[in-house]
Amino acid sequence: MNESQNNAIRQALKNSFTLIQGPPGTGKTVVGVHIVYWFHKMNLEASNAKKTRETNEAEETKKTCILYCGPSNKSVDVVAEYLLRFTETLRPLRVYSEQMEMIEFPYPGSILQLSRKSIREGKPKAELRSITLHHRIRTSQNPFSTLILSFDARIRREEDLTDEEVEQYKHILSKARQYELAKHDVILCTCTAAASPSLKLIVNPREILIDECAMATEPEALIPLVSYKPEKIVLLGDHKQLRPIVQNELLRKLGMEKSLFERYMDQAVMLDTQYRMHEEICAFPSMEFYKGRLKTDVIRPTSVLHAEWKRCTPILFGHVVGEEVSLVVSSEKGNENSKANLEEAEMAVRVAKLLINVSKVRPETIAILTPYNAQVSEIQKLLLKSEIQNVAVSTIMKSQGSEWRYVILSTVRSLPCSEIETEPTKSWIMKNLGFVTDPNQVNVGITRAQEGLCIIGNRNLLHCSSLWKKLLKHFTAKNCVVNAKDITVQKPRAR
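Counting in full-length UniProt numbering, the sequence shown runs from 1 upward without gaps.
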């Protein structure tokens, strides 16, 4: 652990309310897990010591535990996977919402409906079955498992269950859940699932941690905090990366995009050392988003991307004046209008092919990112046509928390030079660049790469944005702006 990580842990153990800002690659999840470990030790010591203070008898009968939450199942699963290696020490339990449980174990007469968010996030993670509540209640160590499995078999055979039998099944499930919850010390769930009646009946979290808190709306983050009476609260996140998604215009105007984390940001301790990016990839985001405080403590191999004069560089901007088109694409939200740029898509795929075929970079270590779903679709078609498999293609929104050896970023938006305003207004920039200018998305997009970052875009149009103007100035100073068609890569060195 570095000094900033140790300091964050000390603050969390000492204070009742702690914010920890974790910029990209700084080990925020590792810090969270360490805090859980020390909270667990403190709770063991407290339970073994004689209680000298007056306590609420109802609360005292409940299971003392640590509650670890996040705004999405993905954010919680990342931590849960990390805790798998500490099952004997920390006894973690992953609790999904009843809606998510219903995907795998539906029961007759249920009025629960899967939300769009639940459908989007898919099934509960198979790798976590050994610590997942709705799977553990069906294993032999649970005294109610035989009855539950008997009901499950009848439901699979589509037998008719009477109302009394359905109620009996629900009662057994409840008892089985209570049995498991009472045995575990770290409960992992989403912020909304934290208010589940089955949880509130059994557990009394002494400490609550909320990971990726800067991505949660304020009401969402408050759910676990007001549902219990924790002694310590730890919020982990980074308000300089993705913010809460708020579709409603009125709610945005009322400030719903500001998270609880951002509201108390002046109290945060920042993790200041990153272990992901090459130092040159880190340089611009450190200056622009973290006041130059983000240090690098990792040595990456020399990038295979070529700038001018065949010089290897970890950062590269490839200029292309492509044609931007509006397309309707199918997404988890239904059909939506989106943007694509075929010339940029072709250039991005060309760079990926060079990395794979010339530099012998493994496809699974390459990602092509873009702000738009339509561009994702076009790139996937081109990769399929080129018979390239295992290259990740994703929107920037879905890439937070992930990293790859090489990242190709397609910005999509484009206009001919004759149509670009010399003194663009804010509304003109919004119309012609959209959320390509969103600093949070830009930060996420340019901080996923370990060894090489290649941005494809129309520099003339991007120059209208103050943020992109600064980025292009930084890349130009490094002689790392070229025409996209001139991008080349280095062959692997002989060993």
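It should be emphasised that the hints constitute simulated quantities derived from the structure, not laboratory data.
Since the model is a prediction, treat every value here as computed from it, not as a measurement.
Backbone N, C-alpha and C define an ideal beta-carbon position, used for all residues, glycine too.
Don't take every hint at face value.
To be verified - Dumping the calculated DSS-like pairs for lysine-lysine here, alpha-carbon to alpha-carbon at most 25 Å: (1) Lys-295 / Lys-469; (2) Lys-183 / Lys-200; (3) Lys-170 / Lys-62; (4) Lys-63 / Lys-175; (5) Lys-470 / Lys-295; (6) Lys-253 / Lys-63; (7) Lys-426 / Lys-253; (8) Lys-485 / Lys-353; (9) Lys-478 / Lys-426; (10) Lys-232 / Lys-183; (11) Lys-339 / Lys-381; (12) Lys-381 / Lys-310; (13) Lys-170 / Lys-183; (14) Lys-485 / Lys-385; (15) Lys-478 / Lys-491; (16) Lys-175 / Lys-310; (17) Lys-485 / Lys-381.
Claimed, not checked - Label pairs and their calculated CB-CB ranges: (18) Glu-419 / Arg-85: 49 to 57 Å; (19) Asn-48 / Arg-10: 21 to 29 Å; (20) Met-430 / Met-42: 31 to 39 Å; (21) Phe-86 / Glu-159: 23 to 31 Å; (22) Ile-245 / Leu-201: 25 to 33 Å; (23) Val-358 / Ile-245: 32 to 40 Å.
Going through the hints against the structure:
no. : hint                          : result
1   : Lys-295 / Lys-469             : holds, 23 Å
2   : Lys-183 / Lys-200             : holds, 15 Å
3   : Lys-170 / Lys-62              : holds, 21 Å
4   : Lys-63 / Lys-175              : holds, 15 Å
5   : Lys-470 / Lys-295             : holds, 20 Å
6   : Lys-253 / Lys-63              : violated, 41 Å
7   : Lys-426 / Lys-253             : holds, 17 Å
8   : Lys-485 / Lys-353             : holds, 13 Å
9   : Lys-478 / Lys-426             : violated, 29 Å
10  : Lys-232 / Lys-183             : holds, 22 Å
11  : Lys-339 / Lys-381             : holds, 15 Å
12  : Lys-381 / Lys-310             : violated, 31 Å
13  : Lys-170 / Lys-183             : holds, 20 Å
14  : Lys-485 / Lys-385             : holds, 20 Å
15  : Lys-478 / Lys-491             : holds, 22 Å
16  : Lys-175 / Lys-310             : violated, 67 Å
17  : Lys-485 / Lys-381             : holds, 20 Å
18  : Glu-419 / Arg-85: 49 to 57 Å  : holds, 56 Å
19  : Asn-48 / Arg-10: 21 to 29 Å   : holds, 23 Å
20  : Met-430 / Met-42: 31 to 39 Å  : violated, 50 Å
21  : Phe-86 / Glu-159: 23 to 31 Å  : violated, 41 Å
22  : Ile-245 / Leu-201: 25 to 33 Å : holds, 32 Å
23  : Val-358 / Ile-245: 32 to 40 Å : holds, 39 Å
Hint compliance for this structure: hints 6, 9, 12, 16, 20, 21 are broken, all remaining hints hold.
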